[in-house]
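Engineer: Residue strings, one per chain:
Protein chains: 2
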Amino acid sequence: MHQVETVMSKIIGVLGGGQLGKMLFEAGSPTNVSYVFLEKTNDCPASLVCSNQVLGSLQDSDQINVLASKADVFTYEIEHVNVNALASLEQQGKSVFPKSSVLSIIQDKGLQKEFYAKNQVDTLDFTLATTDDLQEKVVAWSDDRFVLKHRKGGYDGKGVQLLDKQKFETLVAAQDEGLQSEYGYVIEKLAKDAIEVSVIVAVAQDGSTTTYPPCEMVFDPRSNLMDYLIAPSSLSDDTNQQCEAIALQAVKAFDSPGLFAVELFVEAGGGVYVNEIAPRPHNSGHHTIESCYTSQYEQLNRILLGQPLGSTALVKPAATCNIVGPRDVNGTYQLANLDEVLTIEGVYIHMYGKTSTSPDRKLGHFTVLADTREEVVYKMEKVKGLLEIVAE
Amino acid sequence: MHQVETVMSKIIGVLGGGQLGKMLFEAGSPTNVSYVFLEKTNDCPASLVCSNQVLGSLQDSDQINVLASKADVFTYEIEHVNVNALASLEQQGKSVFPKSSVLSIIQDKGLQKEFYAKNQVDTLDFTLATTDDLQEKVVAWSDDRFVLKHRKGGYDGKGVQLLDKQKFETLVAAQDEGLQSEYGYVIEKLAKDAIEVSVIVAVAQDGSTTTYPPCEMVFDPRSNLMDYLIAPSSLSDDTNQQCEAIALQAVKAFDSPGLFAVELFVEAGGGVYVNEIAPRPHNSGHHTIESCYTSQYEQLNRILLGQPLGSTALVKPAATCNIVGPRDVNGTYQLANLDEVLTIEGVYIHMYGKTSTSPDRKLGHFTVLADTREEVVYKMEKVKGLLEIVAE
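Protein chains in written order, with the working numbering: chain A, 1 to 392; chain B, 1 to 392.
Looking at chain A on its own, in the form it has when it is part of the complex:
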């Protein structure tokens, strides 16, 4: 008796048509996985590699139902989708991974923090506040410096502020719009001398799990902005294992198949805390396309198709850096010095097919592979010094 499986048996429905969708579809191409996706614009990154698009907003339950009629299993490549519509698909017996119950917790940073606390997952101290009691809660907060997060609607650093009490009072006096959040706030303790890492966790439909090696976020010491992501991390083996264990514990608490990126703070003193979780492929897993036996995208395809998980071992050390629109360029653009970059061994360019740039817009990323972490850093600096977005 053979166990018989077709490679192309199920159609995957995806909410969102951004670059994560594009890379998911690219990972399925060698085995001809079929996809249909929902996105409101028809020149989105995913449309470059998939012609089966439902045109509509990720909030529109009617269009989500149209998507539902065209596929067998569902996922989302962005958190900002209509979670009630997903829950109603589940009630109709459709499979959505991660489950809508996961997304409704993760969409609200307040619920997310409470979820970790309830499940004994180490996370930094916090308190929740509404617009009405925010000032009172800040005054009562134990430390002078703290992080203020909007519970909902933040994205890519928006809705997250590092403040001290004096700065906060200035913002209150100025009626700053960063203090306008209808869903309320999380006031959170600041991590001390922390390294930030991310652990991608995969949970298959049969409940089996695996974790990727921790990927470290390296910050520019001058600008304090995230500079690049590198794996393996600079942490000890013990601490890496601790990160994987806590990430796995946090994801298991959600009790759902799916691919999850767990962002962690690792304090110099030894504490490891879950910051937040993205229930989808993540920037910190882009490097896995070239550096791991199984990329995060291939892994998510396997999860959705009910296949076994693949090896997450790192074949080579790797780093990833975003290609971001510079402050002074708007509109159509070109990649300067590309030819020189292409002569460097182990450099992989990914462009998201966005036809115009604007300040800070994510236009693509590149990954570098090398034999050692030191060589990776050297090459990363070299490519960063060369590659440039310029007006066309």
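In short, the hints are calculated from the structure, not lab data.
Mixed in with the good hints there might be a few duds.
The list cannot tell twin chains apart, which means a pair is met if one copy fits it or any two copies do.
The calculated DSBU-like cross-link candidates involving lysine-lysine, where the alpha carbons are at most 30 Å apart (straight line), are [what the hints assert, rightly or not]: (1) LYS167 <-> LYS94; (2) LYS316 <-> LYS379; (3) LYS158 <-> LYS252; (4) LYS10 <-> LYS379; (5) LYS10 <-> LYS382; (6) LYS10 <-> LYS384; (7) LYS382 <-> LYS94; (8) LYS10 <-> LYS40; (9) LYS354 <-> LYS70; (10) LYS382 <-> LYS316; (11) LYS384 <-> LYS316.
With chain A held as given, fit chain B onto it using these hints.
Structural biologist: What follows is chain B alone, placed relative to chain A:
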């Protein structure tokens, strides 16, 4: 001053829409390379990943002209195309890589052998024959055993026979159709105790060149059919270097940019001979998708776009095996035991999207990666024992 290049500046026109086209387009997807291809059926493998198809025969000069109007630079993924139509594109100033002059030599195995002889490229002794003088030439041939090849129209082993003089006379008496070739024959010396390897050679538009590590063809000792392809080869470093040098010499003689697969015989006694050259991506380079810094497909894209060549270094030892339709299955099919195969680290399945199988039809291939050649062989045997094409 910056050197400015767009990633997406040129459209590549491809004659042929088979699996090689599909994999070429997959390699261009991360940087959004644009393609248009010509193929007579619209359910061909390339159509799964590229919607810009010109529907027509590869012999039809009108349709080749339609293709020409839609792209900037041209290549072919199969040798059986209208070479005169390509030459006329070149006369109109279009770039075709490899040049049509290369293809007109390679399409005719007689011209190809004469070309190597003329250019002092080591190749096995041969003589040319027509249908009229074939019997006379065979009688006069020095060895009892020899290889008989049709000068034109052979493909995937068709049109190539290993014969001895007695067997030949039997075929003559039976008026065997293997002896009907309007373009004539090559009678060729048999390689002695030879290992067969393939070296992929890349030539950029600026004339720079690079070679991939030799890939060895391993034959099944019982059936004498090609079993799998493995890199690195089992040859000594010296012999590998000799293979790369001869492959490069042969390709340089053609004086054209392009990607070339050079098949070589390496005799136990030390002789290295060029067998034949394919002016396109090749089976023996499939493994480069996962095993080399730059795949053969990415390399061809770079050549066509006028970019610098990428590193051909092997990141991990690898082997590739075709997934071929079994003798007893026709029609729609499934891949049996896929799930078990997917649990093995470093196994990559590529299916060509062919909806039905027939005996010996190439439906896909798989590549295995491992840390050593021995481990690669072990895994290869394991996967071969599991993966099976069965009727749906």
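Engineer: It remains to establish, for every hint, whether it holds in the given structure.
Structural biologist: Do the hints match the structure? See the list:
no.: 1; hint: LYS167 <-> LYS94; in the structure: neither (48 Å within a copy, 64 Å between copies)
no.: 2; hint: LYS316 <-> LYS379; in the structure: both (14 Å within a copy, 20 Å between copies)
no.: 3; hint: LYS158 <-> LYS252; in the structure: within (28 Å within a copy, 56 Å between copies)
no.: 4; hint: LYS10 <-> LYS379; in the structure: between (41 Å within a copy, 28 Å between copies)
no.: 5; hint: LYS10 <-> LYS382; in the structure: between (43 Å within a copy, 27 Å between copies)
no.: 6; hint: LYS10 <-> LYS384; in the structure: between (40 Å within a copy, 25 Å between copies)
no.: 7; hint: LYS382 <-> LYS94; in the structure: neither (48 Å within a copy, 36 Å between copies)
no.: 8; hint: LYS10 <-> LYS40; in the structure: both (24 Å within a copy, 28 Å between copies)
no.: 9; hint: LYS354 <-> LYS70; in the structure: both (27 Å within a copy, 22 Å between copies)
no.: 10; hint: LYS382 <-> LYS316; in the structure: both (18 Å within a copy, 25 Å between copies)
no.: 11; hint: LYS384 <-> LYS316; in the structure: both (20 Å within a copy, 27 Å between copies)
Checked against the numbered hints above, the structure breaks hints 1, 7 and satisfies the rest.
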